[in-house]
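Enquirer: Letter by letter, the sequence shown follows residues -26 to -1, 1 to 320 of mature numbering (1 follows the signal peptide of the UniProt record, and there is no 0).
Rather than coming from a laboratory, the hints here were simulated on the basis of the structure.
Careful, some of the hints might be misleading.
Unchecked claim - 27 Å max Cα-Cα, derived DSS-like pairs, lysine-lysine:
no., residue 1, residue 2
1, Lys94, Lys34
2, Lys171, Lys201
3, Lys22, Lys81
4, Lys94, Lys27
Said to hold, decoys possible - Estimated spans, in silico, between C-beta atoms of each pair:
no., residue 1, residue 2, range
5, Asp142, Asp110, 48 to 54 Å
6, Lys171, Gly12, 18 to 24 Å
7, Phe122, Leu88, 33 to 39 Å
8, Leu74, Arg131, 46 to 52 Å
9, Glu143, Glu87, 39 to 45 Å
10, Lys116, Pro137, 16 to 22 Å
11, Lys171, Val133, 24 to 30 Å
12, Leu90, Asp110, 18 to 24 Å
13, Val176, Arg33, 40 to 46 Å
14, Leu88, Pro141, 28 to 34 Å
15, Asn241, Pro137, 16 to 22 Å
16, Asp108, Glu143, 17 to 23 Å
17, Thr30, Ala127, 44 to 50 Å
18, Asp46, Lys172, 43 to 49 Å
Glycine included, every Cβ here is placed at the ideal spot set by N, Cα and C.
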Amino acid sequence: MTWLQRPILFFYRALLLTLLAQYALCSIDSVFNIKQGGVGVGGCTAHKSKLNKWWTDARKLVDAALLYAQDDSVDGPEYVYTFFALDPPPADAKYRERILTTLQLVKDLIDGELQLTAGKPWLFCSSKWLERMDWDDVAYDKETGERFTGEDAKKVRDVVDEPTPPPDEANQPKDYPFWSSDVREYFIDEEDDYCSKKVDGVAQHFGATHEDLTWKAVTICVQNLDKNAKTEHLRLGRIQKEGQSIVDYRAKSMTLFHELFHVVLGNADTQEHERSCKFKVITWWKEGEDPGDEDQDIISTQEALYNPESYTITRSKLKKTEDPKDKDKKNGGSEAAGHRKRLMKV
């Protein structure tokens, strides 16, 4: 090797190191503390390859979302109108800005460029990371993570306030304390394990985000995702059947994507209710307007702007169309692209 070749070799080595550093920075491991071990302790070891694919899907979804949210031709305004009831630009500019801000926060999180005030969040693959306790059990010390010892060892009720249900809720399920050895914190919830808890005989929980001032934790109920999605990750491509439900295209990766909105916006601003995820009429224009039929599943624009599922389903739908920069060339003009959006229903 001559001295003239050495700078070239150095350049390629530097480039490789830069690319590896960028990959590490943007990997799911760099953004989350991922619980190791089996699902019996909330661990994700057996699901590492799935998590990586889901993370790739999340990046694709948010990139497509930002692209379409800024697209002023046909498809962009149509999607935004469908799921957020916003008129085409320049109307509803402040609401559109809210959408862009939210999406950018999610992108920054995925790209490793968002520093959460609560620190690096945790990611668990079942709710078994929480140990159910009784109020008279010897408590864990939050400082050391170990149980108190000695004759005067504190009980759980000594370190956690036991909730007293109001008289009209006396017959409701009893609340129990749960301990996390990873977060070193107590949680209060009903007795059943969250992921295995059944509604009408069926496990219906797929993911959740817990948080406090100094920590955040995302739980993905990996054992339940088969009930909520038909594919492991996104299958991109054109819609072949008119009127086909978007549910048929839902991927397991979308559960993680959904939870990212709770992470960046906080649970207080993304509280969900019975219409958050199951809505037939997507959005009503402005809060306070009478939707006419109270039985319809309608949420307001203001609710949709902070509703993770509104973003999740929207991004899944728009990923079924081509890049708006190429749609005129591939689909005979923007009218055809716009029609393709209307082929799908919720």
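Enquirer: Work down the list of hints and note, for each, if the structure agrees.
Expert: Verification of the supplied hints:
| no. | hint | result |
| --- | --- | --- |
| 1 | Lys94 - Lys34 | holds, 22 Å |
| 2 | Lys171 - Lys201 | holds, 14 Å |
| 3 | Lys22 - Lys81 | holds, 21 Å |
| 4 | Lys94 - Lys27 | holds, 20 Å |
| 5 | Asp142 - Asp110: 48 to 54 Å | violated, 27 Å |
| 6 | Lys171 - Gly12: 18 to 24 Å | holds, 20 Å |
| 7 | Phe122 - Leu88: 33 to 39 Å | holds, 37 Å |
| 8 | Leu74 - Arg131: 46 to 52 Å | holds, 47 Å |
| 9 | Glu143 - Glu87: 39 to 45 Å | holds, 44 Å |
| 10 | Lys116 - Pro137: 16 to 22 Å | holds, 19 Å |
| 11 | Lys171 - Val133: 24 to 30 Å | holds, 26 Å |
| 12 | Leu90 - Asp110: 18 to 24 Å | violated, 36 Å |
| 13 | Val176 - Arg33: 40 to 46 Å | violated, 32 Å |
| 14 | Leu88 - Pro141: 28 to 34 Å | violated, 44 Å |
| 15 | Asn241 - Pro137: 16 to 22 Å | holds, 18 Å |
| 16 | Asp108 - Glu143: 17 to 23 Å | holds, 21 Å |
| 17 | Thr30 - Ala127: 44 to 50 Å | holds, 48 Å |
| 18 | Asp46 - Lys172: 43 to 49 Å | holds, 46 Å |
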